[in-house]
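Here are the chains, one letter per residue:
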Amino acid sequence: MNLILSVAKRELSVFFDSLIAYVMLLGFLGFSGFFTWLYGNDIFLVGQANLKTFFTISSWTLFFFIPAITMKMIAEEKKSGTLELILTKSISDRQFIIGKFLGAVSLVLVALVATFPYVITLSLIGDLDNGGTICGYFGLFLMTIAYAAIGIFSSSLTNNQIVAFMLSLVICLFFHIIFDVLAANSTGIISWLFETLSLQTHFDSISRGVIDSRDLVYFISITILGLFSAELSLSKSHS
Amino acid sequence: MTVEISNLTKTFDGQKVLNDISFSVKQGEIVGFLGPNGAGKSTTMKLVTGFLNLESGNISINGNSISKYPDLIKNKIGYLPEHNPLYLDMRVTDYLNYCGSLQKMSSSEIINRTKEMIKVCGLNKEKHKFIGELSKGYRQRVGIAQAMIHDPEILILDEPTTGLDPNQIIEIRKLIKSLGKEKTVILSTHILPEVEATCDRILIINNGEIVADGTAEDLKSAATAQETIKLRIDCDEIKEVENLISKITGVLTVDIRNEETGEILVKSSSNLNITKSIFELCVKNQWILHEMTPNQTKLEDIFRNLTLN
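Keeping their order, the protein sequence lines are chains A and B.
Per the working numbering, the first sequence runs over residues 1 to 239.
Per the working numbering, the second sequence runs over residues 1 to 309.
Among the hints, a few may not be true.
Stated by the list, open to error - In silico EDC-like cross-links for lysine to aspartate or glutamate, where the CA-CA straight-line distance does not exceed 20 Å:
1) LYS236/A - ASP71/B
2) LYS183/B - ASP13/B
3) LYS68/B - ASP17/A
4) LYS9/A - GLU29/B
5) LYS9/A - ASP236/B
6) LYS72/A - ASP89/B
7) LYS78/A - ASP89/B
8) LYS76/B - ASP17/A
9) LYS127/B - ASP93/A
10) LYS129/B - ASP17/A
11) LYS78/A - GLU194/B
12) LYS236/A - ASP13/B
13) LYS298/B - ASP236/B
14) LYS79/A - ASP255/B
15) LYS298/B - GLU133/B
16) LYS236/A - GLU29/B
17) LYS284/B - ASP236/B
18) LYS79/A - GLU82/B
19) LYS104/B - ASP93/A
20) LYS9/A - GLU194/B
No lab work stands behind these hints, which were simulated from the structure alone.
Chain A with its partners taken away, still in its complex shape (with noise of 0.2 Å):
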């Protein structure tokens, strides 16, 4: 646990270390905002005191961001050769994967928690919804995971970070519209399947606020899925 947690330390101090947090953060809070409070069908338009807006928008920011973050993760250590270093201590490849995961989760939570005052702000106009509030931020984590997952597959399968950039952004894309749109315009039992690979169909039945297990085994299911394959990958990478 020890070891997990000292790669996901480092990852994080490396990302406040560098520009990268910041200019992340800033992303993110700069278009959450400006589309919820400002500009859109934002919150004054509504008049309605949830933080449904947010939650949409900032589930295509982070369909985005989350990529950017976790693109170099493996990619660059395998190019650098710290890859090697890192691997021949006393850390296992399974350790290693799930210490980047926690890392790129961590610095998303820092990001989600920087918007708490946009709850604090709405419960002072009005008469917020906590439920529905709770239920979209655990929604957001939730896909968070997902997609910290599938970068770091990605990331593990090149050692060229924009290549493992768009490639988690291609797969994510799958998950967070393709998959919605082919269950449309499909019927039956492919429509079916479809709906249930979606993310989308689990994410808005979550930000409505119902918690069901199915919505939860899925996401949790892609996390340990895009783990696995990362770990596969990179162990295949040094047989």
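Position chain B relative to chain A; hints supplied.
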């Protein structure tokens, strides 16, 4: 700790990189690993450190097989990979702390060892800098420091002195020498004098096979069947000198290199000591002997002979 390597074979994409290699390294021994590029030095090191998986054969440390107890063994090994990869975006102290924590050290141990390593490797002025800001020599020191952070019993160093200036090279060699008294050290290098200066034993590897194994002296005496002596004799009749020397028993060839300076190369069978006969000859004929140097076979020659196909 004794490192025992037996019948190691490794193939990459159908190409045999290591072919049935066996050797062992005892505690307190510094073994120099020599070989041309692509001979399999780094591959062997990667296998011993557990980065690459064993294909066939076995590596055991104090009788424990690396495939059975990988974690136990990784903890005993300090490794400096080729090209010395480092996190350029970390500060020196943070990096050493991180490496220590990955070796399951306690936090108080980490603090003490980091301080010690910074002192031993002469990094005190640079300890708060980012590794990316350091010059190559200092980066190499950081690499050596991280390899030794957990006080490992086995040190595996892949070209430890590349990129260092002559003073640093001597310091690092001294360091390796002193470490080698109680630890097991395997180092690879291209610099042949370095092996002679630091290593107790030399292994030469070529095309995935071990072609020589022994001390520098062993290898030299095995390689030399004949001895060469360089002479410089001041005498009017150089032809006469050539004639008389060639009559000494054991002399194979006499070759005048330069008539004006009187430079002569004499080849003889190595077991006969002909220097005495040459000296006596000079005294008898009243030639002035300016120089008499036995030309030792260099490690370079042995290396070339063994690895040039």
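A quick look at each hint next to the structure:
1. For a cut-off of 20 Å, the pair hint linking LYS236/A to ASP71/B stands: about 18 Å separates their Cα positions.
2. A hinted pair counts as satisfied when its Cα atoms are at most 20 Å apart, and LYS183/B with ASP13/B does not qualify at roughly 35 Å.
3. Distance check on the hinted pair: LYS68/B and ASP17/A sit about 39 Å apart at the alpha-carbon level, beyond 20 Å; violated.
4. Proximity of LYS9/A to GLU29/B is assessed by CA-CA distance (about 38 Å); at most 20 Å being required, the pair is judged violated.
5. Annotation: proposed proximity of LYS9/A to ASP236/B is violated, straight-line Cα distance about 82 Å (limit 20 Å).
6. About 13 Å separates the Cα atoms of LYS72/A and ASP89/B, which keeps this hinted pair within 20 Å; it holds.
7. The straight-line distance between the Cα atoms of LYS78/A and ASP89/B is roughly 15 Å, inside the 20 Å bound, and the hint therefore holds.
8. Between the alpha carbons of LYS76/B and ASP17/A the distance comes to roughly 32 Å, so the proposed pair goes past 20 Å and is violated.
9. In summary, the hint linking LYS127/B to ASP93/A is not supported, as the alpha carbons are separated by about 29 Å, beyond the 20 Å threshold.
10. Of the supplied pair hints, the one linking LYS129/B and ASP17/A holds, its CA atoms being roughly 13 Å apart against a limit of 20 Å.
11. Of the pairs offered as hints, the one joining LYS78/A and GLU194/B is violated, with about 30 Å between alpha carbons and a cut-off of 20 Å exceeded.
12. For the proposed pair LYS236/A and ASP13/B, the alpha carbon gap of about 14 Å is at most 20 Å, so the pair holds.
13. About 33 Å separates the Cα atoms of LYS298/B and ASP236/B, which puts this hinted pair outside 20 Å; it is violated.
14. For the hint linking LYS79/A to ASP255/B, the alpha-carbon distance of about 56 Å lies beyond 20 Å, and the restraint is violated.
15. Proximity of LYS298/B to GLU133/B is assessed by CA-CA distance (about 40 Å); at most 20 Å being required, the pair is judged violated.
16. Annotation: proposed proximity of LYS236/A to GLU29/B is violated, straight-line Cα distance about 34 Å (limit 20 Å).
17. Simply put, LYS284/B and ASP236/B have alpha-carbon atoms about 15 Å apart, close enough for the 20 Å limit, and the pair holds.
18. Between LYS79/A and GLU82/B the CA atoms are separated by roughly 13 Å; this keeps the pair inside 20 Å, and the hint holds.
19. For the proposed pair LYS104/B and ASP93/A, the alpha carbon gap of about 15 Å is at most 20 Å, so the pair holds.
20. Annotation: proposed proximity of LYS9/A to GLU194/B is violated, straight-line Cα distance about 40 Å (limit 20 Å).
In summary, the numbered hints that this structure violates are 2, 3, 4, 5, 8, 9, 11, 13, 14, 15, 16 and 20.
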